[in-house]
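K.L.:
In case you want the letters, here they are:
2 protein chains.
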Amino acid sequence: MAKDMTLLWGSGSPPCWRVMVVLEEKNLQGYNQKLLAFEKMEHKSQQVMDMNPRGQLPAFKHGNSVLNESYAACIYLESQFKSQGNKLIPDCPAEQALMYQRMFEGNTLAQKMADVIYYDWKVPEGERHDSAVKRNREALSAEVKLWEGYLQKVSGPFLAGKNFSLADVSVYPTIAYVFRYGLSEERYPKLAAYYNSLKERPSIKVSWPPTWLEKPQGEDTLKDL
Amino acid sequence: MAKDMTLLWGSGSPPCWRVMVVLEEKNLQGYNQKLLAFEKMEHKSQQVMDMNPRGQLPAFKHGNSVLNESYAACIYLESQFKSQGNKLIPDCPAEQALMYQRMFEGNTLAQKMADVIYYDWKVPEGERHDSAVKRNREALSAEVKLWEGYLQKVSGPFLAGKNFSLADVSVYPTIAYVFRYGLSEERYPKLAAYYNSLKERPSIKVSWPPTWLEKPQGEDTLKDL
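Line order of the protein sequences matches chains A and B.
Residues 1 to 225 in the UniProt record's numbering are what the first sequence spells out, letter by letter.
Residues 1 to 225 in the UniProt record's numbering are what the second sequence spells out, letter by letter.
With the rest of the complex left out, here is chain A (with noise of 0.2 Å):
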């Protein structure tokens, strides 16, 4: 299968999981793998520097090729592994835009998230405002509205329209570490939809993050957004 690659992840990681869910879709489970721990520092370790400068995971390796970027690992493993499994990129010109138009939104989605949520791991003690704490969370409570206006508007049950595609790979880790965090079901109903909607797909449920399965508590971080 797919002997020749290599992948340095971490569980709850939207870019690891991303890399996850395509290896899944075109069939090339049995590449090697191994699991990192965040919290034991184990993504700054001398294999995973070895493989990405940055310290930052995934770190994936296909042959003496290097993609640590998930966006770029995705493209290139479904360029690469075109027929086999299922196809990511549509065809209809229509469609493969809004696919890219929503995948690559989807950096701004992640980054407004991030800024929530990590807020306290990034921003030193000393440097932390409850005014920007406020300003993030506005930014990031109009971008989920611009979300689920889009699931209001597409035809089809995917953030491209009628098939899943690499939109919905490069997204639907973001909207699952939203809900995560204690996202409101109710006054999101068409992104909750979609996030439950897509939870037994097969792809995504074998990568589902072990930590959450541990543990299925989320955090209430975003209840009232």
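One thing to keep in mind: the hints can contain errors.
Given that identical chains are not distinguished, each listed pair holds provided it fits within a single copy or across any two copies.
To be verified - Taking lysine-lysine pairs in the DSS-like style, the calculated list, with each CA pair at most 27 Å apart, reads:
| hint | residue 1 | residue 2 |
| --- | --- | --- |
| 1 | K215 | K82 |
| 2 | K44 | K145 |
| 3 | K162 | K82 |
| 4 | K223 | K82 |
| 5 | K205 | K162 |
| 6 | K44 | K153 |
| 7 | K122 | K145 |
| 8 | K134 | K199 |
Keep in mind the hints are simulated off the structure, nothing from the lab.
With the hints as your guide, set chain B onto chain A.
P.N.:
Quick look at chain B alone, frame taken from chain A:
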């Protein structure tokens, strides 16, 4: 030509510049375009908001398809006009992997540059800290050194090797920006050589930011980096 395309853009914005370079490389001249002024807040005008609800530039349309995310527009245009103009995604799997990896790493470079250059613009006065400024500059310095190293090692004049590709399209505007903001050509000789060698490439020359042509002298924010 490209009469079914519309680009709303701002001078000097790396995302806008990327899309303009791709349009040139793919021989898609003749598109409808409008230069808007960030300083007059024209990126928040109704015309932009109708295409891009985040009120950001570029706002780009092909037919009815909206592609405001520059990476989305670049990959989409290359995919839709594969055999027209210059090929921007190499076929060789190893070169393609390197291209995607560098392309998406370019986001990190752009982000770390923005954290330094736009600090006062992004962070309200009461929330600014010298410690954050210092940390951001150190992070950018480490990042720029990483790219200097990449160019030392690559076998060819471009970021992914022998061919000009989407990696160059994506990252060149940021490299031009750091030099515009005073990065030392002496301390980063490989980056400087890359920057200077591509200045005369037709797609880059024709899309060079008009505000930079009007005022050739840049800033010195990064001169000690």
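K.L.:
Take the hints in turn and mark each one as holding or not.
P.N.:
Hints, verified against the model:
1. K215 - K82: Neither way: K215 and K82 sit 36 Å apart in one copy and 48 Å across, limit 27 Å.
2. K44 - K145: Between. Shortest inter-copy distance 19 Å satisfies the 27 Å Cα cut-off; intra-copy 36 Å does not.
3. K162 - K82: Result: close both inside a copy and across copies, 19 Å intra and 25 Å inter.
4. K223 - K82: neither (40 Å within a copy, 46 Å between copies)
5. K205 - K162: Only inside one copy: K205 and K162 sit 20 Å apart there, 41 Å across copies, limit 27 Å.
6. K44 - K153: between (42 Å within a copy, 23 Å between copies)
7. K122 - K145: both (25 Å within a copy, 23 Å between copies)
8. K134 - K199: For K134 and K199, the Cα distance exceeds 27 Å both inside one copy (31 Å) and across copies (43 Å).
The structure shown violates the earlier hints numbered 1, 4 and 8.
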